[in-house]
Amino acid sequence: MVIGGLIREDLTTTSDQLPILGNIPYAGWLFRQRKQGIDRNEIIVLITPRIVSEPFMCKEGAKYGNDFTQRQSVYFDR
Numbered sequence: 010m011v012i013g014g015l016i017r018e019d020l021t022t023t024s025d026q027l028p029i030l031g032n033i034p035y036a037g038w039l040f041r042q043r044k045q046g047i048d049r050n051e052i053i054v055l056i057t058p059r060i061v062s063e064p065f066m067c068k069e070g071a072k073y074g075n076d077f078t079q080r081q082s083v084y085f086d087r
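Counting from 1 along the sequence shown, just add 9 to a position and that's the residue number in our numbering.
Bear in mind the hints are in silico, worked out from the structure with no lab data behind them. Just so you know, not all the hints are guaranteed correct.
[What the hints assert, rightly or not] The calculated label-pair distances, taken between Cβ atoms and stated as ranges, are:
{"id": "1", "residue 1": "Ala36", "residue 2": "Leu15", "range": "42 to 52 angstroms"}
{"id": "2", "residue 1": "Gln79", "residue 2": "Thr57", "range": "19 to 29 angstroms"}
{"id": "3", "residue 1": "Val11", "residue 2": "Asn75", "range": "20 to 30 angstroms"}
All C-beta atoms in this analysis are idealised placements derived from N, C-alpha and C, irrespective of residue type, glycine included.
Using the sequences provided together with the hints, build the complete structure.
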């Protein structure tokens, strides 16, 4: 089961130049180079459901679920 994802795109610009020649007024652009690139990262959340039939595991899952809802209510109160 896919819940959702986050997409992040970063624009990177790098510039290179020859020493001294790249700083010449009006002609320095001949000795400079600029490159732009886009990096794309994607995070996807996948969940695999499992059926638990052992009573001990069911109690442990309920305990963790109750702890989570209790922490959530504390953060919402703040």
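Quick rundown of the hints versus the structure:
no., hint, result
1, Ala36 x Leu15: 42 to 52 angstroms, "holds (46 angstroms)"
2, Gln79 x Thr57: 19 to 29 angstroms, "holds (26 angstroms)"
3, Val11 x Asn75: 20 to 30 angstroms, "holds (27 angstroms)"
Consistency with the previously given hints is maintained throughout, with no hint failing.
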